[in-house]
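Enquirer: Take these sequences, add in the hints, and give me the full structure.
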Amino acid sequence: MSRRKVQEVMPISATASSRQVDIGQTNSIFSDPDGRWVAKRQEAISEAFEKRMGERPA
Numbered sequence: 682m683s684r685r686k687v688q689e690v691m692p693i694s695a696t697a698s699s700r701q702v703d704i705g706q707t708n709s710i711f712s713d714p715d716g717r718w719v720a721k722r723q724e725a726i727s728e729a730f731e732k733r734m735g736e737r738p739a
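Our numbering applies: residue 682 is where the sequence shown begins, and numbers increase by one.
Just so you know, not all the hints are guaranteed correct.
Label-pair ranges, simulated between beta-carbon atoms [said to hold, decoys possible]: (1) 717 with 687: 18 to 26 angstroms; (2) 727 with 696: 38 to 46 angstroms; (3) 735 with 715: 29 to 37 angstroms; (4) 685 with 709: 28 to 36 angstroms; (5) 709 with 729: 19 to 27 angstroms.
No lab work stands behind these hints: they were computed from the structure.
Source: prediction; values computed, not measured.
Cβ coordinates follow ideal geometry from the N, Cα and C atoms, glycine included.
Expert: So, in structure tokens, the structure goes:
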């Protein structure tokens with residue numbers, strides 16, 4: 682059985698702490714008027730697509 686040398690363990694430097702989350706920030710699409718419009722429009726498009734797909738003959 683051969684013995685391999687192991688590299689010396691080196692200390693690592695500290696990492697910067699993560700920044701705090703802004704209180705007024707959100708990832709919700711419904712949080713602003715433009716996002717609400719987009720969501721409503723996408724819902725209408727999806728419903729029309731599903732309706733159209735349901736009308737096709739098999």
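Enquirer: Decide, hint by hint, whether the structure agrees.
Expert: Each hint, compared with the structure:
| no. | hint | result |
| --- | --- | --- |
| 1 | 717 with 687: 18 to 26 angstroms | violated, 59 angstroms |
| 2 | 727 with 696: 38 to 46 angstroms | holds, 43 angstroms |
| 3 | 735 with 715: 29 to 37 angstroms | holds, 31 angstroms |
| 4 | 685 with 709: 28 to 36 angstroms | violated, 54 angstroms |
| 5 | 709 with 729: 19 to 27 angstroms | holds, 24 angstroms |
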